[in-house]
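Knowing the structure of chain R, use the given hints to seat chain U on it.
Top to bottom, those sequences are chains R and U. With the first sequence counted from 1, adding 18 to any position gets you our numbering. With the second sequence counted from 1, adding 18 to any position gets you our numbering.
A hint or two may mislead.
Unchecked claim - Now the stretches of chain U that chain R is said to cover, found in silico as 3 or more residues with beta-carbon under 8 Å:
1. 30 to 44
2. 56 to 62
What the hints assert, rightly or not - Here chain U is said to cover these stretches of chain R; the calculated rule only asks that three of the stretch's residues, wherever they fall, bring their Cβ under 8 Å from a Cβ of chain U:
3. 21 to 30
4. 42 to 48
5. 64 to 71
6. 75 to 88
Said to hold, decoys possible - Computed list of lysine to any residue pairs in SDA-like fashion (alpha-carbon distance at most 20 Å, straight line):
7. U/Lys64 x R/Ala32
8. U/Lys75 x U/Ala32
9. R/Lys75 x R/Ala32
10. U/Lys75 x R/Lys75
FYI, nobody ran anything at the bench for these hints, they're computed from the structure. By construction, the Cβ of each residue, glycine as well, lies at the ideal position given by its N, Cα and C atoms.
2 protein chains.
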Amino acid sequence: MTRYIVIYDISDDANRNRLAEELFRIGLTRIQRSAFTGDLDPQRAKDLVRILQRFIKDPNDVIHVFRLGIRDWENRIVLGREWGSLNEKIILF
Amino acid sequence: MTRYIVIYDISDDANRNRLAEELFRIGLTRIQRSAFTGDLDPQRAKDLVRILQRFIKDPNDVIHVFRLGIRDWENRIVLGREWGSLNEKIILF
Chain R
19 MTRYIVIYDI SDDANRNRLA EELFRIGLTR IQRSAFTGDL DPQRAKDLVR ILQRFIKDPN
79 DVIHVFRLGI RDWENRIVLG REWGSLNEKI ILF
Chain U
19 MTRYIVIYDI SDDANRNRLA EELFRIGLTR IQRSAFTGDL DPQRAKDLVR ILQRFIKDPN
79 DVIHVFRLGI RDWENRIVLG REWGSLNEKI ILF
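Bound conformation, chain R alone:
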């Protein structure tokens, strides 16, 4: 299982909402309005990318999928309130 981050810019509202619903359906967790995360095995990661391709419909649409080491995930910095978590997590330097 590997941690993935999906972030997207989808111009059409309905298309963007359908994408979010699809990411929930796949079992990912929303961490920002246009960013989801989840642990996927290689086959499910391929399935995810195949699904995401369907949502690229406009020349301005773009979706990034990042694979993240678990250490890098745990060391993420969150400013403000992360969606999908119960606690506000603000890291101050």
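Here is chain U on its own, set in the frame of chain R:
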């Protein structure tokens, strides 16, 4: 030098635009409307986070900063046209 990804949800248009300008000023590259990337040493990464904190003004505002291994960066998947790159990069499975 370590690769960082900054993604943000900032509700106020002016505040969000100022944040984007600031990220350009710091030398980061825009890869999506609300996502930037760049290589930073530890001190500049701390400076970045300190700067980002100023832009959290609304309860819904949230910014994530992810540190990424260079291999994970290179293995990112881009669907559609990545901002800041000259070539369309579509990876098909």
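Structure-based check of each hint:
no.	hint	verdict
1	30 to 44	violated (count 0)
2	56 to 62	violated (count 0)
3	21 to 30	holds (count 4)
4	42 to 48	violated (count 0)
5	64 to 71	holds (count 5)
6	75 to 88	holds (count 11)
7	U/Lys64 x R/Ala32	violated, 38 Å
8	U/Lys75 x U/Ala32	holds, 12 Å
9	R/Lys75 x R/Ala32	holds, 12 Å
10	U/Lys75 x R/Lys75	violated, 33 Å
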